[in-house]
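Chains X and A supply the protein sequences, listed in that same order.
Note that the numbering used here numbers the first sequence so that position 203 is 203, with each residue one more than the last.
Note that the numbering used here numbers the second sequence so that position 721 is 721, with each residue one more than the last.
Be a bit skeptical, because a hint or two may be false.
What the hints assert, rightly or not - In silico DSSO-like cross-links for lysine-lysine, where the CA-CA straight-line distance does not exceed 27 Å:
1. X:K117 to A:K532
2. X:K216 to X:K15
3. A:K558 to A:K229
4. X:K214 to X:K225
5. A:K568 to X:K117
6. A:K558 to A:K165
7. X:K208 to X:K219
8. A:K558 to A:K568
9. A:K569 to A:K532
10. X:K162 to A:K165
11. A:K9 to X:K120
12. X:K120 to X:K180
13. A:K568 to X:K79
14. A:K17 to X:K79
15. X:K120 to A:K17
What the hints assert, rightly or not - Just a few of them, taken from the derived set where beta-carbon distance is under 8 Å, the chain A residues facing chain X:
16. N5
17. R8
18. I10
19. K135
20. G139
21. K305
As the list claims (entries may be wrong) - Where chain X lies over chain A, by a calculated footprint (3+ residues, C-beta under 8 Å):
22. 317 to 324
23. 381 to 392
Just so you know, these hints were derived from the structure itself, not from any lab.
Glycine included, every Cβ here is placed at the ideal spot set by N, Cα and C.
These are the residues of each chain, in order.
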Amino acid sequence: METILNISNLHKTYKSAGRILTVLDNINFAISTGSTNAIVGPSGSGKTTLLGLCAGLDSASSGIVELNGVNLGSLGEDKRAQVRNQYVGFIFQNFQLLPTLTALENVMVPLELRGEKNIKARSLDLLDKVGLADRGHHYPAQLSGGEQQRVSLARAFSNSPKILFADEPTGNLDAETSEKVVKLIFDLNTEAGTTLVLVTHDLELAAKTHRILKIKGGKLVSDEKTVNEKAVNG
Amino acid sequence: MDNVNYNRKINFGWLFKMAVRDSRRNRARLLLFISSIVFGIAALVAIYSFKYNIQNDINGQAATLIGADLSITGNKEPGKKLQTLLDSIGGERSEERSFASMIYFTRTQGTRLVNIKALKGAFPYYGSLETTPLKAGTGFKSGKYALVDKTLMLQFTAKVGDSIKVGNATFVIAGILNKAPGQTGLSSGIAPIVYIPFQYLADTKLIGTGSRINFAYYYKFPQGYNIEKLVKKIDPALDKAEYGSDTVENRKENTGRSFGDLSRFLSLVAFIALLLGCVGVASAINIYIREKIASIAIMRCMGVKASEAFLIYLIQITGIGLIGSVAGAILGTSVQHLLPYVLKDFLPITISVSISWMAIWQGIGLGIIISVLFALLPLINIRNISPLNTLRMSFEETTTKRDPFRWLVYLLVVGFITGFSYLQLGDWLGAGVFTVGILVAFLILTAIAWLLIRFTRLLIMSSWSYILRQGFANLYRPNNQTIILTVSIGLSTAFICTLFLIQQLLISQVSLSSSGNQSNMILFDIQTSQEKPLAELTRKQGLPVLSQVPIITMRLDKVNGKTAADAKKDSTLHISPRAFAWEYRVTYRDSLTNSEQITSGKFIGKAAPGRDIPVSAEERFANRINVKVGDKLVFNVQGIMMNAYVSSIRKVNWNKIQTNFQVVFPAGVLEDAPQFHVLLTHVPSQPVSAAYQQAVVKQFPNISIIDLGLVLTVLDELLDKIGYVIKFMSGFSIVTGIIVLISSVRISKYQRIKESVLLRTMGASRRQIFSITALEYLFLGTLSASTGIVIAIGSSWLLAKYRFDMPYHVNLWPVAAMFFAITALTVIIGLLNSRGILNKPPLEVLRSNA
């Protein structure tokens, strides 16, 4: 299988109060195209930092992050932004919708940035898929948490990303809404053939992916295939 | 597999769309931020419109300023040669003699020093002598009639048909003179004009040897006549005869220049209002961008480049700046209707009010430039906002990053302020001092605020009540408004207070001079033979003769052997060529007065016969002719050359109302030269003054009297009018200051909202939150106002010492009132802003601000 994300010898350190703080220490793994993956670990283990580095939101202190064949370490922030626009979709714990844009406009932004055609129809179609076709003209503040996360999902898939990064996508939702959102994530992912990398505390959610990477104290302590992977590949 | 298009072109259409979308829920706030520039722009557009209208009016009415195509003036009877030249010029000609003299209103028995103008011919050829009744303006020359200035008529409750006595002649008042060519309301207040027919001038018997008379000849030429060529031809001969010429073009230029100065000064005052607005814009945009960090980070996550994010907000600010500038331009265009009313006493022409598109475009352009320039500092921070902020808010990392572009922006801001001030002042030094002054004030306020943030933390005691601790803690907690509020309130206070203090100083200068037992009446043109009888008359009236000073007129012929021609040719001599053209009024005495102080050399009170005369030169005069102690001077005393040398240099307090001189001769040289005398006395009241003047005019009609009490009243009125203009212009700054205050405090409302709601949720009472808010703003208001006032005292002291050269003192009561007013205003606005939080349930507040 083709590799979409390749991480090797990844280190991330911060300077804090004159001390060097190692957040990620020699992380190595590769993720294949179309797979679903979960990064789990206790609070402060470095999983969100790892997600940020994988998605090109931050640059590593050393090591290589290769996304769809592009070495992110060699790029400046603006070039990484263009990589994100072309290959990456995001889902955040606190939804991160632009508060001054309507639901429809939020979904349209990544497509507008790419200068694509037929944007409105495609975005409405995505909103329809997440069950919010009639809420397109509402502002985020006028939507419930679950609805906001569904808009966020529609936005994440709007640029047909090759890889989708989700940071605690159900962290701010109740159990019932979480279930619906998770189902949507996996359904849309399967439909679009997108690779999924999600960071979560929720082991139940992690178990729905093909592979679980466990981080502790900034180190990758385990890398396990789940039953889903075993079921797919025998 | 790297198929990424890294060269994506900037899509301006989309950026505009995003700018509009993003502004949607913030427009009211953005408009409030930008409203701080509205009044500054309005003031500038009003002044610019006024300036352009004046330029047009001067061009249109220039001929009426002079009343003729050419005027030739001098203060000596023209010699034969000059008379032949004057007769040969051609065209139509009018003649005028003018001089200062007392007039006597026979019915009301009032006397007053006026400017008598005896007129022959059809002058003015352009415009008219505006009189009531209308026909008096031309008809008064047909008999023994006079036209009397309207303020004079009012002052002496005179009526048309009354008589006035000028010297020995009596004239019937034919009309009230409302306006003469080139005359302003102000000039008529200081030296009111009385026109009499030329043919009766001799009857006054005021024209004799030694009388100080101005001779004027007015010419009108047929259309197309080359006046410039004529002037070029006759100028050398006029120069030789010590006469000068004036043409419409000349007057246009000079009038334009003096109103250029006035409008430049007013524009500078307006510019300060605008700068205050800029502080408002910069602080408001700073907070606005801070609140936008999350949105910008999301956009960056989705692939928006740093430059694109920057441009989205730049477009937004430019758009809002455009709206603010257009609003300011509309307001300014309306306000300009008031300016001719405010400034009418300073203007010699009728001012028309029309829309000046040039002024409007300049105002709008300037508004956009400054909104963008002052928003740039917070805007460039956008480039450093990391997409990582979507995962965790690392705000500190974003703002503390040192960006070399910041220095470029600082440079642009300082460059802009200096450049614009230079355009207003026309002087690099002045522009530099102005910019440095503003920078210093800004730095002091920032430093004070910074120290406050640092030290409040240490000062708060655990024994204080919760409200006290909370109120003070608001000064240093994250997202505090301490620096922004201190700078904006402090700068507004500093500027308004400086204007006020300087105005007070100027006014007190005049009051100081008029108080006490100082002389307040000057009698001059006293012949030597009248000296004693006048002193007797004065004493008989029960008045003191404070001093009697002889005055001799003379000219400077040589300075260290160099003549006027040498000084003109060789500028390295540093002798002002004009010093040779002046007629000096010199006195002689054997001692110094109490307003004089020797700064170098030695005052010699008695001249030694047969040797060079030791004279004392006034400091500034010595500088102008570049002489020091020991240097040689030659004076032309009515045809006789006198060799002198500078024995001492004096510092003179010109602010004291008494006879002061540039050159003082020793006793024993000039006693026999033709001279006149000046007498100084003190009149205790208006009725005594009137009785004394009547007695003097009756016995000595040639003697002129200046009633300083009256002059001081006119000066007071003048200062009042100047004060009114300054107040009018600084009104824009005050309104801007208040808007900046409102918008700054209002921004802090958004910062405090969550905390206040949380406090309320946890059970804090309205009263507690009210007290916490009041305490925070009370402290900020107190500190900013007091710092602003200290800066104002410093800057007004510097201005008093180095610009106006006058003693400094501060009237503490009005300053204290200003301090309390600004502090109270800060607290009131702060509390009014918090009203929303106090009066509504917490949930409603949270929802409406989500």
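So, going through the hints one by one against the coordinates:
no., hint, verdict
1, X:K117 to A:K532, "106 Å, violated"
2, X:K216 to X:K15, "20 Å, holds"
3, A:K558 to A:K229, "33 Å, violated"
4, X:K214 to X:K225, "11 Å, holds"
5, A:K568 to X:K117, "79 Å, violated"
6, A:K558 to A:K165, "44 Å, violated"
7, X:K208 to X:K219, "23 Å, holds"
8, A:K558 to A:K568, "13 Å, holds"
9, A:K569 to A:K532, "48 Å, violated"
10, X:K162 to A:K165, "106 Å, violated"
11, A:K9 to X:K120, "22 Å, holds"
12, X:K120 to X:K180, "25 Å, holds"
13, A:K568 to X:K79, "70 Å, violated"
14, A:K17 to X:K79, "23 Å, holds"
15, X:K120 to A:K17, "14 Å, holds"
16, N5, "7 Å, holds"
17, R8, "6 Å, holds"
18, I10, "11 Å, violated"
19, K135, "73 Å, violated"
20, G139, "77 Å, violated"
21, K305, "4 Å, holds"
22, 317 to 324, "violated (count 0)"
23, 381 to 392, "holds (count 6)"
Comparing the model with each numbered hint stated earlier shows that hints 1, 3, 5, 6, 9, 10, 13, 18, 19, 20, 22 do not hold.
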